[in-house]
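Engineer: Just so you know, the sequences run in chain order S and H.
Note that my numbering has the first sequence beginning at 12, numbered continuously upward.
Note that my numbering has the second sequence beginning at 12, numbered continuously upward.
Derived from the structure by calculation, the hints contain no laboratory data.
Using N, Cα and C, we set each Cβ at its ideal position, and we do this for glycine too.
Any given hint could be a false lead.
Simulated crosslink set (DSBU-like; lysine-lysine; CA at most 35 angstroms straight-line) [unchecked claim]:
no.: 1; chain 1: H; residue 1: K30; chain 2: S; residue 2: K106
no.: 2; chain 1: S; residue 1: K113; chain 2: H; residue 2: K296
no.: 3; chain 1: H; residue 1: K40; chain 2: S; residue 2: K91
no.: 4; chain 1: H; residue 1: K20; chain 2: S; residue 2: K422
no.: 5; chain 1: H; residue 1: K56; chain 2: H; residue 2: K40
no.: 6; chain 1: S; residue 1: K30; chain 2: H; residue 2: K267
no.: 7; chain 1: S; residue 1: K141; chain 2: H; residue 2: K91
no.: 8; chain 1: H; residue 1: K56; chain 2: S; residue 2: K141
no.: 9; chain 1: H; residue 1: K56; chain 2: S; residue 2: K91
no.: 10; chain 1: H; residue 1: K91; chain 2: S; residue 2: K91
no.: 11; chain 1: S; residue 1: K20; chain 2: H; residue 2: K113
no.: 12; chain 1: H; residue 1: K296; chain 2: S; residue 2: K20
Pairwise CB distance ranges (calculated) [unchecked claim]:
no.: 13; chain 1: S; residue 1: K30; chain 2: H; residue 2: Q15; range: 19 to 29 angstroms
no.: 14; chain 1: S; residue 1: A78; chain 2: H; residue 2: Q15; range: 26 to 36 angstroms
no.: 15; chain 1: H; residue 1: D410; chain 2: S; residue 2: V178; range: 36 to 46 angstroms
no.: 16; chain 1: S; residue 1: T218; chain 2: H; residue 2: Q142; range: 32 to 42 angstroms
If we take Cβ atoms under 8 angstroms as the criterion, some of the chain H residues that face chain S in the derived model are [as the list claims (entries may be wrong)]:
no.: 17; residue: W52
no.: 18; residue: P54
no.: 19; residue: H103
no.: 20; residue: N122
no.: 21; residue: S196
2 protein chains.
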Amino acid sequence: MSEQKIPYKIYISEDEIPKQWYNVRADMKVKPAPLLNPATWQPLKPEELAPIFCDELIAQELNDTDAYIDIPQEIQDYYKTYRPAPTVRAYHLEKALGTPAKIYYKFEGNNTSGSHKLNSAIAQAYYAKKQGLKGVTTETGAGQWGTALSMACAYLGLDCKVYMVKVSYEQKPFRREVMRTYGASVTASPSADTEVGRKILEKHPGTTGSLGCAISEAVEAATSNEGYRYVLGSVLNQVLLHQSVIGLEAKTALDKYNVTPDIIIGCAGGGSNLGGLISPFMGEKLRGEKDYRFIAVEPASCPSFTRGKFAYDFCDTGMICPLAKMYTLGSNFIPSANHAGGLRFHGMSTILSQLYHDGYMEAVAVEQTSVFEAAEQFARTEGILPAPESSHAIRVAIDEALKCKETGEEKTILFGLTGTGYFDMVAYEQFHNGTMTDYIPTDADLQSGFEGIPQFPGNEI
Amino acid sequence: MSEQKIPYKIYISEDEIPKQWYNVRADMKVKPAPLLNPATWQPLKPEELAPIFCDELIAQELNDTDAYIDIPQEIQDYYKTYRPAPTVRAYHLEKALGTPAKIYYKFEGNNTSGSHKLNSAIAQAYYAKKQGLKGVTTETGAGQWGTALSMACAYLGLDCKVYMVKVSYEQKPFRREVMRTYGASVTASPSADTEVGRKILEKHPGTTGSLGCAISEAVEAATSNEGYRYVLGSVLNQVLLHQSVIGLEAKTALDKYNVTPDIIIGCAGGGSNLGGLISPFMGEKLRGEKDYRFIAVEPASCPSFTRGKFAYDFCDTGMICPLAKMYTLGSNFIPSANHAGGLRFHGMSTILSQLYHDGYMEAVAVEQTSVFEAAEQFARTEGILPAPESSHAIRVAIDEALKCKETGEEKTILFGLTGTGYFDMVAYEQFHNGTMTDYIPTDADLQSGFEGIPQFPGNEI
Numbered sequence: 012m013s014e015q016k017i018p019y020k021i022y023i024s025e026d027e028i029p030k031q032w033y034n035v036r037a038d039m040k041v042k043p044a045p046l047l048n049p050a051t052w053q054p055l056k057p058e059e060l061a062p063i064f065c066d067e068l069i070a071q072e073l074n075d076t077d078a079y080i081d082i083p084q085e086i087q088d089y090y091k092t093y094r095p096a097p098t099v100r101a102y103h104l105e106k107a108l109g110t111p112a113k114i115y116y117k118f119e120g121n122n123t124s125g126s127h128k129l130n131s132a133i134a135q136a137y138y139a140k141k142q143g144l145k146g147v148t149t150e151t152g153a154g155q156w157g158t159a160l161s162m163a164c165a166y167l168g169l170d171c172k173v174y175m176v177k178v179s180y181e182q183k184p185f186r187r188e189v190m191r192t193y194g195a196s197v198t199a200s201p202s203a204d205t206e207v208g209r210k211i212l213e214k215h216p217g218t219t220g221s222l223g224c225a226i227s228e229a230v231e232a233a234t235s236n237e238g239y240r241y242v243l244g245s246v247l248n249q250v251l252l253h254q255s256v257i258g259l260e261a262k263t264a265l266d267k268y269n270v271t272p273d274i275i276i277g278c279a280g281g282g283s284n285l286g287g288l289i290s291p292f293m294g295e296k297l298r299g300e301k302d303y304r305f306i307a308v309e310p311a312s313c314p315s316f317t318r319g320k321f322a323y324d325f326c327d328t329g330m331i332c333p334l335a336k337m338y339t340l341g342s343n344f345i346p347s348a349n350h351a352g353g354l355r356f357h358g359m360s361t362i363l364s365q366l367y368h369d370g371y372m373e374a375v376a377v378e379q380t381s382v383f384e385a386a387e388q389f390a391r392t393e394g395i396l397p398a399p400e401s402s403h404a405i406r407v408a409i410d411e412a413l414k415c416k417e418t419g420e421e422k423t424i425l426f427g428l429t430g431t432g433y434f435d436m437v438a439y440e441q442f443h444n445g446t447m448t449d450y451i452p453t454d455a456d457l458q459s460g461f462e463g464i465p466q467f468p469g470n471e472i
Numbered sequence: 012m013s014e015q016k017i018p019y020k021i022y023i024s025e026d027e028i029p030k031q032w033y034n035v036r037a038d039m040k041v042k043p044a045p046l047l048n049p050a051t052w053q054p055l056k057p058e059e060l061a062p063i064f065c066d067e068l069i070a071q072e073l074n075d076t077d078a079y080i081d082i083p084q085e086i087q088d089y090y091k092t093y094r095p096a097p098t099v100r101a102y103h104l105e106k107a108l109g110t111p112a113k114i115y116y117k118f119e120g121n122n123t124s125g126s127h128k129l130n131s132a133i134a135q136a137y138y139a140k141k142q143g144l145k146g147v148t149t150e151t152g153a154g155q156w157g158t159a160l161s162m163a164c165a166y167l168g169l170d171c172k173v174y175m176v177k178v179s180y181e182q183k184p185f186r187r188e189v190m191r192t193y194g195a196s197v198t199a200s201p202s203a204d205t206e207v208g209r210k211i212l213e214k215h216p217g218t219t220g221s222l223g224c225a226i227s228e229a230v231e232a233a234t235s236n237e238g239y240r241y242v243l244g245s246v247l248n249q250v251l252l253h254q255s256v257i258g259l260e261a262k263t264a265l266d267k268y269n270v271t272p273d274i275i276i277g278c279a280g281g282g283s284n285l286g287g288l289i290s291p292f293m294g295e296k297l298r299g300e301k302d303y304r305f306i307a308v309e310p311a312s313c314p315s316f317t318r319g320k321f322a323y324d325f326c327d328t329g330m331i332c333p334l335a336k337m338y339t340l341g342s343n344f345i346p347s348a349n350h351a352g353g354l355r356f357h358g359m360s361t362i363l364s365q366l367y368h369d370g371y372m373e374a375v376a377v378e379q380t381s382v383f384e385a386a387e388q389f390a391r392t393e394g395i396l397p398a399p400e401s402s403h404a405i406r407v408a409i410d411e412a413l414k415c416k417e418t419g420e421e422k423t424i425l426f427g428l429t430g431t432g433y434f435d436m437v438a439y440e441q442f443h444n445g446t447m448t449d450y451i452p453t454d455a456d457l458q459s460g461f462e463g464i465p466q467f468p469g470n471e472i
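Make a model of the complete structure from these sequences and hints.
Structural biologist: If you want it as structure tokens, here you go:
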């Protein structure tokens, strides 16, 4: 180990920002299972995806052989407006914990979207623009993805239609206004703009919407409007590919100081952050070059990895999207109103699901109040007010550091700090007021979700 | 000029973060006028200030001879958690404007307080801690200063009492929760906690408070509680001293690439950001080494520099604070509800006032809707959603760049981007909805403010 003094924040140079994404699938012996057509149970062909997704993104989605894919210059130029993102040594947190562990975090929240989502938003918007499209459609729940996509579209001069779950639209007017500042049209979902929206409104006039419904509206808006395609901020292989910039930058930064993490921790909703953070390190592990412990952290209220089934399932509650083989709680599983909106997805990236299934990764589920305790301790020592999602990783990083305190081990811990919590103060308020609750679904709760997983030959659960 | 490629973001190294603050007063031929005791009209002695302010900060307040003052190691360590702040080349904005001008901005918003305020908050909290005090008191309007002070106090383990103007307390619950996350006690002002608060509540039971009242409560809380002192986030000489890190870092960054700005632009409320940004450049101008154009930008609704009087006046509407010689609209001037809460102060830093009076600096006043037009253009091209305050500087930077487009001049423009606008979305919403209004006070409006300026020998206006 080098004795070189490690700064609080390691900024790589602009020239060191990745020029290629790393595709971890290329190094996986067992590849993630292909997406299936929900009508035929057969692997989807590119032409079947073309009405929904951009051509180049379909190619990336299906590419499990090329380890590196060039990042177009225009995307590199945009990355330079908010990257490099720092890799931070948490000296102050270490001191507060009194741990011999060395804690690092890769901070992706220093951009207006407030999260890592921008890394894939600019890529997806770029390929839409390059294909000559007029615009893109998407859904957003908590709002980070919608904000990121709005920013990317504003920069490229692309139309952006966001279907925002009605309850969020009404409760998070600030997120909505940020998107409008970037020129996006933001529609409360369900809306009267789409057939599926009108049907739902007729059946349930007072509904506050759901992510599943918003996805259905966004897909309909993409397929029924000339020159539009649908884009998605997590779960997909292409998204993990784009998010590899997180891990690549972190690795470049740590390599400068000869630092090798023993444990790498990330929160996991659909898997975009975790998959991006671990990818180059996982590559080394898959190729047998190095060993690392990887820990996925999920909310106890939505425990896809730790209590879900590994099976083909629908990605959306509307059951109109392709089937993906993943750890799932069932597409009709309704998670409790956990404040980490970005971690309330019933399924998980197929890449991460396969890696977890094959024993390359661990997973733990943590409860909400303990997550906010960690968030507050982190804010007070390291300064940054973390997003509830990111705070799941903080919780486990602190737990691991405290184990080191007991054993005296000087382990090196790296975790992903995906974003900031400036738009999540209602959750912090509940925490301060003591009105925050924890929720762990019973086995019976989970069973009703599992019953929604489609049964077909080879998909027995 | 070097032909070296200039990156989008210039990050200086951790070792280059300033280790000394620069005290521009040392290079001023005409020193800023001393603070006066409002009872005697005589210059205040340190011992008269001691019940209100920390001893070391009083020394800094009165020190107009030492050009450099060492930054204690503990403050340097905290600076490293959120600094260096980048100096950014606005390539995308330049392209959108089609200007030959080269635009740079020093971005101080990448910390949880969302602004440059943290630079002085940590310094003031540190000296309070060093003096063995239990805590500090302050007021906050929009909330940036209160947030910054809360963060600094959480880090140092110091108690923090914030009096928040009641209307903000109610309208900005998120800001309040951020402060509570950092352990501050936040009280809506006027409150029943102080004598002055109780008196005001008796007289005006329905009042939504004012900054002047909150200052009075914070000062009373400091002087009537053993072990507390009062701290302030702008206007004071000590604050401009601490904020010199902004300009020192910007200068170090630009010097690396042999870039010399022709024009330096900052928004001006009490002067903390502008004074900090320009200080090392102003030092060169004062010493006759280099020439720069400095432009202070203020809201047309609160035009201290452009339409105020240069006279001794009260810093607070309660008229309990010392008198400062400054450009002022009168301590009873009530600015319209402009959304740039940080620019609604009736007076101005005595340092900047003297420099402006002596012709070293220009000032312009701009209207609110034109400021938000600039803010939106900036957000869409450069990505960052700017604070309304910062957007005043953006407006004038764009205007100067467009003048270059007309003349073909390749001027280099540097402006201060003090912070982000994540807690200002109500203002952006009004802008989007077309309900934002402009307000320019009439001469008669200003006259009634001027009448509140105290009359005494030598203070004729």
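Engineer: For each hint, tell me whether it holds in the structure or not.
Structural biologist: Do the hints match the structure? See the list:
As the CA atoms of H/K30 and S/K106 are separated by approximately 23 angstroms, the hinted pair is consistent with the 35 angstroms bound. Under the criterion of a C-alpha separation no larger than 35 angstroms, the hint pairing S/K113 with H/K296 is inconsistent with the structure, at around 46 angstroms. Pair hint H/K40 plus S/K91 does not hold up; C-alpha atoms about 43 angstroms apart against a cutoff of 35 angstroms. Restraint check for H/K20 and S/K422: the C-alpha separation of about 33 angstroms stays at or below 35 angstroms, so the hint holds.
Taking the CA atoms of H/K56 and H/K40, the gap is near 22 angstroms; set against the 35 angstroms cutoff, the hint holds. Our distance criterion of 35 angstroms between C-alpha atoms is met by S/K30 and H/K267, whose separation comes to about 25 angstroms. With a C-alpha separation of about 41 angstroms, the suggested pair S/K141 and H/K91 falls outside the 35 angstroms cut-off, and the hint is violated. Restraint check for H/K56 and S/K141: the C-alpha separation of about 68 angstroms exceeds 35 angstroms, so the hint is violated.
Between H/K56 and S/K91, the direct Cα distance comes to roughly 51 angstroms. Violation of the 35 angstroms bound is thereby established for this hinted pair. Using a Cα cut-off of 35 angstroms, the hinted pair H/K91 and S/K91 holds, with the two alpha carbons roughly 22 angstroms apart. Annotation: proposed proximity of S/K20 to H/K113 holds, straight-line Cα distance about 28 angstroms (limit 35 angstroms). Taking the CA atoms of H/K296 and S/K20, the gap is about 34 angstroms. The hint holds against a cut of 35 angstroms.
In this structure the hint that S/K30 and H/Q15 lie 19 to 29 angstroms apart at CB holds, the actual value being about 20 angstroms. At about 34 angstroms, the CB distance of S/A78 to H/Q15 agrees with the hint of 26 to 36 angstroms. One distance hint, 36 to 46 angstroms for the beta-carbon pair H/D410 and S/V178, holds here, with the actual separation near 42 angstroms. Range check, S/T218 to H/Q142: Cβ separation about 59 angstroms, and the 32 to 42 angstroms hint is violated.
Hint status for H/W52 relative to chain S: violated, with the closest Cβ pair at about 43 angstroms, above 8 angstroms. Among the interface hints, the one on H/P54 is violated; its C-beta lies about 38 angstroms from the nearest C-beta in chain S, farther than the 8 angstroms criterion. At a threshold of 8 angstroms, the smallest CB-CB gap from H/H103 to chain S is about 7 angstroms, leaving the interface hint in force. Taking 8 angstroms as the C-beta contact cut-off toward chain S, the hint placing H/N122 at the interface holds, the least distance being around 6 angstroms.
Taking 8 angstroms as the C-beta cut-off, the interface hint given for H/S196 is violated, the closest approach to chain S being about 12 angstroms.
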